[in-house]
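Colleague: Once you've looked at the hints, dock chain B against the given chain A.
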Amino acid sequence: MSLTARDLGLFAIMFAVLALVATFQSPQLAVTILNMSLISAIMALGVNMQWGYAGLFNVGIMGFTAVGGLAVVLIAQPPVPEAWAAGGLGVLLGLMLGVATILAAVLVYKRMAPGKLRGLAIFAVLVVGFVITSQVFGPATQAVQAVNPASEGYLGGAGLPVILAWPVGAVFAAGVAWLVGKVSLGLRSDYLAIATLGISEIVIAVLKHERWLARGVNNVTGIDRPVPRPIELQPLPWVQSLAETMGWSVSQAASVVSGLGYSALFLIVLAILIWLAERALNSPWGRMMRAIRDNEVSARAMGKDVTRRHLMIFVLGSAVCGLAGAMMVSMDGQLTPGSYEPLRFTFLIWVMVIVGGSGNNWGAVLGAFVIWFLWVQVEPAGRWMMEMVTSGMSLESELRRHLLDSAAYMRLLTMGLALLLMLRFAPRGLIPER
Amino acid sequence: MEPLNALVSVSNFMLVPALAYGSQLALGALGITLIFSILRFAHFAHGDTMALGTAAVIGGTWFLQAQGVSIAPLPTALLAIPFGVLVLGLYLLAADRFVYRYYRKVKAKPMIFVMASLGVMFVTNGITRLFMGVGETRFEDGQRFVFTVREFRDWTGLAEGMALRSAQAITIVTALVVMVALFWFLNRTRAGKSMRAYSDNEDLALLSGINPERVVFITWVITAILLVLAGTLYGLDKGFRPFNYFQLLLPMFAAAILGGLGSPLGAIVGAYVVAFAEMGITFAWRRVFGYLMPEGLEPSSMMQLLPVDYKFAVTFAILVIVLLFRPTGIFKGKVL
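Protein sequences, first through last, are from chains A and B. Per my numbering, residue 560 is the first one in the first sequence, and the count goes up by one each step. Per my numbering, residue 99 is the first one in the second sequence, and the count goes up by one each step.
Excised from the complex, chain A in its bound form (with noise of 0.2 Å):
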């Protein structure tokens, strides 16, 4: 189904407005806007899949665009020969141990019979295991991160185009959905919220401590950029030339440009989600979908299985946040696990969904545009209001430096009063389903 035109409308007002900053603020915030805007919007496209298809309530969000970030890492960057050799083999020895282990314990599951015996054997199986693989893994890890720790100390990526990285990381992120799915859909609505922000806190904390992958907290910078640097685009006569008919810096048109070419890159991807969204949603496989959301009884009585079609639409929609997750890290070209929060990563995404329209692919775009311009401008905002409040106060008034520091915090306040509001008034959100 097409857009109308109140849709469209609301499209050209957000648009106008993004004009307004760059003409008033700066357009370098413009542009960053836009593109966080379009990642935003590819991670509400997934969590739309979820929700609005099929009714899957995920808090885990956030994990799944850190392990689509962890394939950029893993892909792009250059493997570091010193730590292959240092201990590459007892690594991999060791993760695949750890795999036999678990494939050992569900073999002794599934071929004994129930009872205590089994239980031991289980215990065994895993205790065994686990002392082998810690022996094996352990020193490789330490051997790995002791290499040049200032800079490399981990394994380094592959080599390979930084492109490549976006499917690989949605494949990356639609694995672990799979995992999480499979134990959690079938059973009470609830439990597949509390096992992805369960497993979303626990993707942070390997990227974070497990050094020999990706850094963790010491971060890996300087990845490769699928665009020109906006260093590299100023001496180009042709940005040189843009800068002074718009009568800008040159740096400012070069970092600009740089950006729009993000822009461009993720416009594609953009539209090709939703055009494959849009067919999907509208085939017989969208009907089924929306016949389970709206009636699982009546859904399963017509033989459709209900828990595997969950599980591939949980699957799908984690793969998109996957692949938005791998598009944000190499437009900063940096992986910054402490920068995972969930508040921003997981909640901002809902509040995207539920205000845009969930059910409507457009609307989840649009509430993506809408919800990540406050989420910037807020704050300024916020200062502003504070400053004006407390412009009576005396300088050195201990609750008006109080006051100034805290209006970071307005954001949190605004975007939850936003949900509740669009939920209580307005939940079919600013475009809705059709």
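What you were told as hints is all true, and nothing was included just to trick you.
Pairs of lysine-lysine residues, derived as DSSO-like cross-links and limited to a Cα-Cα distance of at most 27 Å, are as follows:
no., chain 1, residue 1, chain 2, residue 2
1, B, K291, B, K203
2, A, K863, B, K207
3, B, K430, A, K669
4, A, K863, A, K741
5, A, K741, A, K669
6, B, K291, B, K205
7, B, K430, B, K207
8, A, K675, B, K430
9, B, K336, A, K767
10, B, K430, B, K291
11, A, K741, B, K430
12, A, K767, A, K741
13, A, K675, A, K741
14, B, K207, A, K741
Among the chain A residues that face chain B by a calculated CB cut under 7 Å, a handful are:
no., residue
15, F616
16, S743
17, L746
18, S748
19, D749
20, G757
21, E760
22, A764
23, H768
24, S965
25, L971
26, L972
27, M974
28, G975
In case anyone wonders, no lab produced these hints; they're calculated from the structure. Every residue gets a Cβ at the ideal spot worked out from N, C-alpha and C, and that includes glycine.
Modeller: What follows is chain B alone, placed relative to chain A:
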């Protein structure tokens, strides 16, 4: 072989901290289970409302300290708890009045309630940070230790020492008193019985003249008490940081599900299982085994199964095992 020293060491570094942590989790998980069985949704704002209640207690503590009030050797924060309960109670009731009540009236799906509680979580989070910032606040005062390592060593003559912090002792005692009081309330009083009836079968309870709004009111008040106690005790023990309170959500949910959602006894058992598993698996056993093994056979490694950063992974593993093998939890998720 010095088993006594081993016992003291393991108590000092693992058993007592885990007991205190488990008690704090139990109070929180009881709230989750109560809300689940009466209002029938997973309350995602639990961790952040806990932080808000604790922030109110800290505010009260500062006020009392400024007035020169003190109940040394006990921490002043205990005096401020009623104030925290009042603030959080009013806040939760306001949230119910303006957010949840509407969805109850239109009989919305459980997921809509969860979503609404997400909105409440966001708002609560913002309010707490407006007042307290994101940094760590310590508000423990009074006597720090019931007995210190040195006192214990002088007293027993053992090589290994042990300390009992006041915050830990207070936590364990308070949690016990509160649990007993809660069970007495649920089983013996009229209001408690009406709550159990309502959670068992809503329609029958309505037919027998139980006022649902009153049951909901009592539930929120009890939740406020449990949350403020849990939050204050946790803060006294480990310091107050809003983000840590948000992260407590996962262990609290794991505890409630492990015990069986809707079963108060299950929530308590689940909380202690989660706490002991988290502490036991991330604990470095080297010292303990050093005392237990015959001479010359002391372990050379740390004997730590997982680094402390992975304590949430332990919780999650417990959750996964429960979901795979016994989704109804230990106590069969019997409703209250």
